Amino acid sequence: MHAHHSIFCIIPPHMLKEIVRNGSAAQRETAMRTLITSEQMRAQRRVMKSMAAFMAAAATSGNKVRAVYDAKNGSALPGTLVRSEGDPASKDPAVDEAYDGSGVTYDLYFDIYGRNSVDNNGLKLDSTVHYQKGYDNAFWDGRQMVYGDGDEDLPVAKRLFNRFTIALDVIGHELTHGVTQYEANLAYWDQSGALNESLSDVFGSLVKQYQRKQTAGQADWIIGEGLFTSNVNGVGIRSMKAPGTAYDDPVLGKDPQPGHMKDYVRTVEDNGGVHINSGIPNHAFYITALEMGGYAWEKAGLIWYKTLTDKLQERSTFQQACDLTFAAAGEIFGTNSLEQQAVKKGWAEVGITVGGDAPTGCLSFILKTFGLVKSSAVK
Amino acid sequence: MMRIIFERSGGIMGSKSSLTIDPDDLPLDQAGTLHRLLNEADFFALKAEPPNRPIPDGFQYTLTVETGTSRHTVRTTDVTMTESLRSLIDELSQIARTQRSG
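If you read the sequences in order, they're chains A and B.
According to this note's numbering, the stretch in the first sequence is residues 373 to 751, in order.
According to this note's numbering, the stretch in the second sequence is residues 15 to 116, in order.
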């Protein structure tokens, strides 16, 4: 299912050049190919970034354009247009929640981070509500948000889920999948996928905190409050404050999220547990934000935003996210600033050390491929 | 005899649910519907979907049907499945939801 081992990651170019100079013929060829590919990628990213910056500068203010569609319990997307930007409220709560929620999400990104929509170029925010029948889910399909109505078709006593637009952080979560797609484009499996999920929870939660004007200490850090009906023993689908404690229910089971590397879950389900292991970076963000105090979107959010847009790459790992948020904090607030120390503490509490020890992920793959290290020396 | 194993994983909760049924154990009209939908989807002739980049928060469905002589598995998602397969997945999703509180 996954295209594993594409050599597409942070390899110091000087190391590759060394291999080209000194390696065997086969090693030389592989290194050359990698160098050429990453040069092309870098050039492409440079052009795209400067174009985005130009477009952003051209727009004097934000360009919030929303549209909400009704799938009328079918599966065809986007469905029938029911509310456009500037239209008055409809009488349908799902339509109005999708409209208002994508508006607040747009506002957080624009007001605080200067970002003009999902693509930083004024992309129209499309949402479809009433997707299918009895659909307990919401997702981002690569172009738009899609929301089910939960268990609307079951008798009240049997319902577990309410409509998915009911939770503002879920709306922020879905739109952030769009932002990530246009930025780091983190591959949606294993650690990069869990980072992708975590960024959606982080900014989803910040959207809710921004709307409520809550400080890090006042916020509940629950994702999806209101999604469960009163038949479920749970407060939401995830807790960033205490991963693994959001629900414990006879039908739904127990919240499976770990909050520390020692409890990292290895599984093939859910693309390698992207919604499970995201508890680890989620908790690191929570600790960082709490440590800094004040509004979480101002400092911790800014550091994570800069990391998402300027530093993370498709196959980034937890260790790299730790090191890159630490670097971003240093760039914004200064080396050894209180903010940078808070980032270090956040990751330390989930078992990840800045500048951590063993090379993992693609670096270890490269080292092994070129025979620079014994396979047993790296994981 | 026939056995249908239906699994759904992923979604914004990242949870897994599964259902194993023999249509013969179901009420007559429900069993008839399932047989009809399997025929309409031409289930045993369905080819594997080409690999797609995963949809963030999308469900992944795995459907296996076993009869005395054959066994076939199909994997799909909400946004990639064909319309004839969708009717079958919808029916199984409904059965799974009504049985989940068990």
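Where hints are given, some of them may not hold.
[Unchecked claim] List time: in silico DSSO-like cross-link candidates among lysine-lysine, alpha-carbon distance up to 30 Å: (1) A:Lys-505 x B:Lys-61; (2) A:Lys-505 x A:Lys-444; (3) A:Lys-613 x A:Lys-626; (4) A:Lys-683 x A:Lys-717; (5) A:Lys-626 x A:Lys-496; (6) A:Lys-444 x A:Lys-530; (7) A:Lys-444 x A:Lys-585; (8) A:Lys-613 x B:Lys-30; (9) A:Lys-444 x A:Lys-613; (10) A:Lys-505 x A:Lys-626; (11) A:Lys-444 x B:Lys-30; (12) B:Lys-30 x A:Lys-505; (13) A:Lys-634 x A:Lys-463; (14) B:Lys-30 x B:Lys-61; (15) A:Lys-530 x B:Lys-61; (16) A:Lys-634 x B:Lys-61; (17) A:Lys-496 x A:Lys-683; (18) A:Lys-678 x A:Lys-585; (19) A:Lys-626 x B:Lys-61; (20) A:Lys-496 x A:Lys-530; (21) A:Lys-530 x A:Lys-463.
[To be verified] Listing some non-contacts, in silico: residues in chain A with all C-beta distances to chain B over 10 Å: (22) Val-437; (23) Leu-453; (24) Asp-483; (25) Lys-505; (26) Ala-510; (27) Gly-645; (28) Asn-708; (29) Gly-727.
[What the hints assert, rightly or not] Derived Cβ-Cβ restraints for the label pairs, each shown as a range: (30) B:Thr-34 x A:Leu-449: 25 to 35 Å; (31) A:Gly-434 x B:Pro-64: 56 to 66 Å; (32) B:Thr-81 x A:Gly-434: 57 to 67 Å; (33) A:Pro-622 x B:Ala-45: 27 to 37 Å; (34) B:Glu-63 x A:Gly-434: 46 to 56 Å.
To be clear, the hints were calculated from the coordinates, so they are not data collected in a lab.
These figures come from a predicted structure and were not determined experimentally.
The beta carbon of each residue, even a glycine, is placed where N, CA and C say it ideally should be.
Okay, the hints, checked on the actual structure:
{"no.": "1", "hint": "A:Lys-505 x B:Lys-61", "result": "holds, 27 Å"}
{"no.": "2", "hint": "A:Lys-505 x A:Lys-444", "result": "holds, 9 Å"}
{"no.": "3", "hint": "A:Lys-613 x A:Lys-626", "result": "holds, 16 Å"}
{"no.": "4", "hint": "A:Lys-683 x A:Lys-717", "result": "holds, 20 Å"}
{"no.": "5", "hint": "A:Lys-626 x A:Lys-496", "result": "violated, 38 Å"}
{"no.": "6", "hint": "A:Lys-444 x A:Lys-530", "result": "holds, 22 Å"}
{"no.": "7", "hint": "A:Lys-444 x A:Lys-585", "result": "violated, 35 Å"}
{"no.": "8", "hint": "A:Lys-613 x B:Lys-30", "result": "holds, 24 Å"}
{"no.": "9", "hint": "A:Lys-444 x A:Lys-613", "result": "violated, 37 Å"}
{"no.": "10", "hint": "A:Lys-505 x A:Lys-626", "result": "holds, 26 Å"}
{"no.": "11", "hint": "A:Lys-444 x B:Lys-30", "result": "holds, 26 Å"}
{"no.": "12", "hint": "B:Lys-30 x A:Lys-505", "result": "holds, 19 Å"}
{"no.": "13", "hint": "A:Lys-634 x A:Lys-463", "result": "violated, 49 Å"}
{"no.": "14", "hint": "B:Lys-30 x B:Lys-61", "result": "holds, 24 Å"}
{"no.": "15", "hint": "A:Lys-530 x B:Lys-61", "result": "violated, 36 Å"}
{"no.": "16", "hint": "A:Lys-634 x B:Lys-61", "result": "violated, 40 Å"}
{"no.": "17", "hint": "A:Lys-496 x A:Lys-683", "result": "holds, 26 Å"}
{"no.": "18", "hint": "A:Lys-678 x A:Lys-585", "result": "holds, 22 Å"}
{"no.": "19", "hint": "A:Lys-626 x B:Lys-61", "result": "violated, 36 Å"}
{"no.": "20", "hint": "A:Lys-496 x A:Lys-530", "result": "violated, 37 Å"}
{"no.": "21", "hint": "A:Lys-530 x A:Lys-463", "result": "holds, 26 Å"}
{"no.": "22", "hint": "Val-437", "result": "holds, 22 Å"}
{"no.": "23", "hint": "Leu-453", "result": "holds, 20 Å"}
{"no.": "24", "hint": "Asp-483", "result": "holds, 25 Å"}
{"no.": "25", "hint": "Lys-505", "result": "violated, 8 Å"}
{"no.": "26", "hint": "Ala-510", "result": "violated, 6 Å"}
{"no.": "27", "hint": "Gly-645", "result": "violated, 7 Å"}
{"no.": "28", "hint": "Asn-708", "result": "holds, 36 Å"}
{"no.": "29", "hint": "Gly-727", "result": "holds, 30 Å"}
{"no.": "30", "hint": "B:Thr-34 x A:Leu-449: 25 to 35 Å", "result": "holds, 31 Å"}
{"no.": "31", "hint": "A:Gly-434 x B:Pro-64: 56 to 66 Å", "result": "violated, 39 Å"}
{"no.": "32", "hint": "B:Thr-81 x A:Gly-434: 57 to 67 Å", "result": "holds, 58 Å"}
{"no.": "33", "hint": "A:Pro-622 x B:Ala-45: 27 to 37 Å", "result": "holds, 29 Å"}
{"no.": "34", "hint": "B:Glu-63 x A:Gly-434: 46 to 56 Å", "result": "violated, 39 Å"}
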